[in-house]
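*Asks:* Once you have looked at the hints, place chain B on chain A.
Heads up: the protein sequence lines correspond to chains A and B, in order. Each position in the first sequence, counted from 1, maps to that position plus 11 in this note's numbering. Each position in the second sequence, counted from 1, maps to that position plus 11 in this note's numbering.
Wrong hints could be hidden among the right ones.
The list cannot tell twin chains apart, which means a pair is met if one copy fits it or any two copies do.
Straight-line C-alpha distance at most 27 Å; calculated DSSO-like pairs for lysine-lysine [what the hints assert, rightly or not]:
1. Lys382 x Lys19
2. Lys306 x Lys341
3. Lys99 x Lys382
4. Lys118 x Lys134
5. Lys98 x Lys306
6. Lys366 x Lys134
7. Lys53 x Lys341
8. Lys306 x Lys53
9. Lys341 x Lys99
10. Lys311 x Lys182
11. Lys341 x Lys258
12. Lys382 x Lys258
13. Lys134 x Lys306
14. Lys311 x Lys53
15. Lys171 x Lys118
16. Lys182 x Lys256
17. Lys19 x Lys118
18. Lys99 x Lys256
19. Lys366 x Lys99
20. Lys256 x Lys134
Calculated directly from the structure, the hints in this document are not laboratory data.
2 protein chains.
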Amino acid sequence: MFSYTLQKTATDCGARAGQIETAHGVIQTPIFMPVGTLGTVKGVHQRELAEDIRAQIILGNTYHLYLRPGLDVLEGAGGLHAFNGWKKPILTDSGGYQVYSLSGQRKITEEGVTFRSHIDGSKHFFSPERAIDIQRSIGADIIMAFDECPPYPCDYRYAKDSMHMTHRWLKRCMAQMGATSGRYGYEQTLFPIVQGSTYPDLRRASAETIAEAGQPGNAIGGLSVGEPAEDMYETTELVCGILPKEKPRYLMGVGTPDNILECIALGVDMFDCVLPTRNARHGMLYTAQGVINIKNAKWKEDFSPIDEHTPCFASQQYSKAYVRHLMHTKELLGPQIASLHNLSFYLWLVGEARKHILEGDFLPWKNQMVKQMQRRL
Amino acid sequence: MFSYTLQKTATDCGARAGQIETAHGVIQTPIFMPVGTLGTVKGVHQRELAEDIRAQIILGNTYHLYLRPGLDVLEGAGGLHAFNGWKKPILTDSGGYQVYSLSGQRKITEEGVTFRSHIDGSKHFFSPERAIDIQRSIGADIIMAFDECPPYPCDYRYAKDSMHMTHRWLKRCMAQMGATSGRYGYEQTLFPIVQGSTYPDLRRASAETIAEAGQPGNAIGGLSVGEPAEDMYETTELVCGILPKEKPRYLMGVGTPDNILECIALGVDMFDCVLPTRNARHGMLYTAQGVINIKNAKWKEDFSPIDEHTPCFASQQYSKAYVRHLMHTKELLGPQIASLHNLSFYLWLVGEARKHILEGDFLPWKNQMVKQMQRRL
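Chain A on its own, in the form it takes in the complex (with noise of 0.2 Å):
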C-alpha cells in the first residue's frame, strides 16, 4: 500500500514535489506535518485541520499518547483515528525523544530505556521491540524508528557510540515490524533515522546504513537540538546527497518557516515542529511578509486582516486589533485563531513550494521568500 511516486526534482538545487500513498489516503510532497502531541493539536479542531488548514498528516507522540490517554483506550478506540477522528495520515515519533527531554530520570542501556513518566513519577521502560507495538497500538501509518537523539553538543566518542546503538536498534525494529501486522487491518510503515550529531564522519556512515536497511522512506534525527542553523543545513544536505532519491526523507523537528524552505531546498520532503502552534499561543505570527508579535502595541487599532494572503478564514476574517485583544485578555480564542493562521500558512507554504518546484522556479522564490519571512514586521 505504502509507496511514493517523485514527481519532479528541481535542475538547481535538491527541490523534490513527490506523492506518498499511504492506507488514510495520498500527501503531497513536500509536506509540513502539524503537531498533534497528544491526540489533539493544540486550539484546532480536526475539521479545521482537515478542511481550513489543509493538513495532509499529523504527528502523535507516542511517549505521550502511551502515558495518556494509555494503550488500553487506544485500543479500545481502535487506534488513534477512530479515537480522534481525524481520518487521513498519521506519523508517530517512537518516543525516544520525550523520554530523552522530559523524563526526570531515565537510564539507557543496550537493552533499552528505563524511565519514570513526567507525570506521575511512575516507572516504564521502553525498547525497540516496545517502540514498534506501541505504535502499532496507537495505530500509526508511519512508524518511527526507536533511536537514540544524543545532545548538542555531543562528543564524538559518545555520538559514534550512540550512532552505533541505534544502529543496531534499527535492526531490532525491523525484526520486530516483521514479527507483527497492523493492528486494525491497514498497513504501517517504519521510517528508520539518520544519526550522527554534526560529525560528517558518522553522518555519511549512518546515512549509509540506513539507506542500507532499505525500508520505504527514511527520516533524519538529532537536528534542531541547539546547533547553529548552518550545521543544520550542512548535515541535512549530506545526509540528503546518499539517502535514496526515490523514497521520501523526513527531517525530523524542523523548524522555522525558512529553515522549511532551506531544507526543501536540499532535498527534504517532510517535516514537523511545535513552533507553528507553540509560538502561536504567545503571539507570534507567520506571514509571508515577515513575523508579526500580534502582542505589541502598534497592532492595537490595526483592523486589517492577520494575513489576507493565507487562505483561512481565520487568516482573512479576524484583523489584528482583535487578536491583539484576545492575547491581551488571555481570551481562549486567541490561541484558537492564532494557531489555526500560523498552521495554514506553513500548509501554505510548503503548498506553493510544491507548485514552484513542478513549475520550475523554486529556487529564486524560496530566495525571495527567505528573506521577506526573517523581516519583523
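*Replies:* Frame of chain A; chain B shown alone:
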C-alpha cells in the same frame, strides 16, 4: 426597525413563540443568547456560533468591553460587530451588574457609580447617561438600561429605595437615548429592567413602571443571584403577568436548561447565562438525557458520541472518552468541544421549545424534559 411579532401563545401556560427584527437580522423566540463577555464567546469561533451553534444573537458585557479593548479601539473598528466579525444582533448589559459584583471598591450615589477596575485599580464612573453612551459606542442592537441589581438577600427598605433609583435612572437612560442616535447608522433599542428583589409588591410596582415606560422590549433583572428557584419562578410569573404581551421579555442571567424551560412556560422570550460555557470548561456537559461530568472515570472507555441528539459536529463526532482525555490532559480542545456542545444544546433546546409552542404541546414536553435533564448520567 426593531419590532416584535407574537406568533403564538400556549393555552395551558404562558409560553410564547415570537420573532424579533433588528438591524442585524431576525431572532426567533424563545431564544438563548450566548455570552461573549470580552467580544468573544470563550473558546468558540464566530463562524461556529453562526453555523454550528446557530446562535441568533450574542451578549457583550459593557463593563469588560469598556475596560478592554476600550472605547477608542471599538469606535475605531466601527463597533463590536466590525471588531469581532459577528454579523448578527448583539445585546449589551449596562455594565452595572459587573460593577457591583467585580469591582473591588464602588460607591453608588443618585448620580451614578464610581468604581475601580478589577484589572489595574484605575478609577471610573458610570451613570445612566454614560452607560447609554458606551453601549452606543459598542454598537449593541439592544441596549440595557443602567440599573442597580441589589444582592440577595436584600432587606425590604434597601430593595425599595434601590428600585426607585433604578426607575429614576431609567428616565435618564431614555432621555439620553432620545438625545443621541445610533453611532454606526443603524437603530439601537433600549430595554428597561424590572427590579424589586423577591418582594412581590415591589416587583409588581416595578413591572408596572417598566411597562408604562413603553420601550420596545422589557427585561427582568435581579434574579438568579442566589435566591431559591421557587422564588425566581414566582417572581418571573408575577412580572410576566404585568409586562405587555406584545413586547419581548428578557430574563437576565438565567440559567440551567430546566430553569429556561420553566421560565419559557411563564412567558419569558429571551435568556442569557454563562453556565453552558463556564461549566463546559469544567467538564460539565448538558444533554436532553441528563448532565454528564465528562471527567468521571466511567467515561474513560466510552467511545459513543458526546450526544448524538444535539445537531452539532462537536456533539456527534467526538466521543466521551476523547473529551475526557482532553479534559484530563488540560488540552485546549477539551473546553472548545464542551463549549460548542453545551451552546449547541442550549440553542437546540430553545428551538425545540419554540417548535412545541407552535405545535401546541409545549407544556407536556417541557414537563418531560425537565425531569430528564436533571438526571446525572
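*Asks:* Are the hints correct? Go through all of them and say.
*Replies:* Comparing the hints with the structure gives:
When the C-alpha separation of Lys382 and Lys19 is checked against a cutoff of 27 Å, the pair qualifies only within one copy, where the shortest distance is 25 Å, while the shortest distance between copies is 65 Å. With identical chains, the CA atoms of Lys306 and Lys341 are at most 27 Å apart both within one copy (11 Å) and between copies (24 Å). For a Cα distance limit of 27 Å, the shortest separation of Lys99 from Lys382 qualifies neither inside one copy, at 33 Å, nor across copies, at 42 Å. Taking the shortest alpha-carbon separations for Lys118 and Lys134, only the intra-copy value of 11 Å comes in at or below 27 Å, while the best inter-copy value is 58 Å.
For the identical chains of this complex, Lys98 and Lys306 are inter-copy neighbours only, at 26 Å across copies versus 35 Å inside a copy, given an alpha-carbon limit of 27 Å. Proximity of Lys366 and Lys134 under a CA criterion of 27 Å is satisfied in neither setting, with 48 Å inside one chain copy and 57 Å between copies. In this homomeric assembly, Lys53 and Lys341 come within 27 Å of each other (Cα to Cα) both inside a single copy, at 16 Å, and across copies, at 10 Å. For the homomeric pair Lys306 and Lys53, the shortest alpha-carbon distances inside one copy (20 Å) and between copies (19 Å) are both at most 27 Å.
In this assembly of identical chains, the alpha carbons of Lys341 and Lys99 lie at most 27 Å apart only when taken from different copies (25 Å versus 32 Å within one copy). In this assembly of identical chains, Lys311 and Lys182 lie within 27 Å of each other by CA distance neither inside one copy nor across copies; the values are 57 Å within and 36 Å between. In this homomeric assembly, Lys341 and Lys258 never come within 27 Å of each other (Cα to Cα): the closest approach is 44 Å inside a single copy and 38 Å across copies. Within a single copy, Lys382 and Lys258 get their C-alpha atoms no closer than 30 Å, and across copies no closer than 61 Å, so neither meets the 27 Å cut-off.
In this homomeric assembly, Lys134 and Lys306 come within 27 Å of each other (Cα to Cα) only across copies, at 25 Å, whereas the closest approach inside a single copy is 41 Å. Taking identical chains as interchangeable, the C-alpha atoms of Lys311 and Lys53 lie at most 27 Å apart whether they share a chain (26 Å) or sit on different chains (21 Å). Within a single copy, Lys171 and Lys118 get their C-alpha atoms as close as 18 Å, which meets the 27 Å cut-off; across copies the closest is 73 Å, which misses it. In this assembly of identical chains, the alpha carbons of Lys182 and Lys256 lie at most 27 Å apart only when taken from the same copy (22 Å versus 80 Å across copies).
In this assembly of identical chains, Lys19 and Lys118 lie within 27 Å of each other by CA distance neither inside one copy nor across copies; the values are 45 Å within and 73 Å between. Taking CA atoms no more than 27 Å apart as the test, Lys99 paired with Lys256 passes inside one copy only; the shortest distance there is 25 Å, against 55 Å between copies. Within a single copy, Lys366 and Lys99 get their C-alpha atoms as close as 22 Å, which meets the 27 Å cut-off; across copies the closest is 39 Å, which misses it. When the C-alpha separation of Lys256 and Lys134 is checked against a cutoff of 27 Å, the pair qualifies neither within a copy, at 41 Å, nor between copies, at 68 Å.
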